[in-house]
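First residue of the sequence shown: 551, per the working numbering; consecutive thereafter.
Please note that a few of the clues may not be correct.
What follows is a list of derived Cβ distance ranges for each label pair [stated by the list, open to error]:
| id | residue 1 | residue 2 | range |
| --- | --- | --- | --- |
| 1 | Glu-614 | Thr-858 | 30 to 40 Å |
| 2 | Val-711 | Ala-681 | 13 to 23 Å |
| 3 | Lys-583 | Pro-721 | 40 to 50 Å |
| 4 | Gly-718 | Phe-623 | 56 to 66 Å |
| 5 | Leu-660 | Ala-587 | 32 to 42 Å |
These are computed hints drawn from the structure, not numbers from a lab. From the three backbone atoms N, C-alpha and C, an ideal C-beta is built for every residue, glycine too.
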Amino acid sequence: MSAVTTPATRSPEARPPSPETPAWSRWANEHRKWLFAAPAMIFVAVLIIFPVAWTGYLSLTDAEGSVRAESEFIGFQNYLDVLRDTDRFWPAVWRTALFTGVVLFVEVVLGMAIALLLWRPFRGEKWVRVAILLPLVATPVAVGMMWRLIFDPNIGMANQVLGWVGIGPQPWLSGQSSALPTTMFIDVWQWTPMVVLILLAGLTSLSDEPQEAALIDGASTWQRFRHVTLPLLMPTVIVAILLRGIDALKTFDILYATKGRGGGSFHEVETLNVYAYGLSFDYNDYGVSSTVLIIFFLIIIGVMWALTYRKKGLNR
């Protein structure tokens, strides 16, 4: 008795397009993933690529006074002048790197400590989480103005509190050497909760099995953190460093709200953002300011690439 065989049926995806289907429809079906992404890509091109390209063009001209005024193409002369500027540009680069490095290190370490404390449930944890997230509610300008009043050398609460414990008044934001550390403290106060949120989300996604195995093997709390928790959490830590680091590089509002034009009378908190802003809106030197912004943009791209490459290496 012979077996009855049935012809194999093709899935809808394997069927060739009908000859009656219009050519444009077949093309759209073959390139549908690009067509769906096209609106977003066009949006990014218009809002990001065009301003960057226009800024790059202005950096090659001597535009000043007004962006609509006639300007002359001078090539890379602005870049040579800026890179030779040891009075304002390179000190601004140093302050930008110092500000970013210090606040990023403190926020990651402090954020990790707070996230570990909030990792395990305890009584009143919801209220503690709400209190920790309060600094994120206000805008950076409002935060800067608030701390400017607190650190006022005459009527500020900070010096009053120091007086209660027998410490003399401090210059805080008005001192040349203390202004930058004070703005770092303000930034840490506001943005550490953001790092806490990212790290806490990473901690809650970790499996309990490695922790339990290490506990059974007799590992201490520090050993479990160093050899189990931290390696598993490292991709999340890199994400927190990437997001917060780029944001810290671009810090402007807190610095401008606390010190004003030029980052203070002696440019004590003048970072690249504050420097470029002053060139554009205080001196109307759009060619040089565009040059500073392009260099700053390249620095940010380099930092993003380095951190992203590091994150990919950890995920392998």
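Thr-858 and Glu-614 - C-beta distance against the hinted 30 to 40 Å: This hint holds: roughly 37 Å between Cβ atoms.
Confirm or reject the claim that Gly-718 and Phe-623 have a C-beta distance inside 56 to 66 Å. 57 Å, holds
Range agreement (Cβ of Ala-587 with Cβ of Leu-660, hint 32 to 42 Å): 39 Å, holds
Falls inside 40 to 50 Å, the C-beta gap from Lys-583 to Pro-721? Because 59 Å falls outside the window, the suggested range is violated.
Can you let me know if the beta-carbon spacing of Val-711 and Ala-681 is within 13 to 23 Å? 20 Å, holds
Violated hint: 3 only; the structure is consistent with all others.
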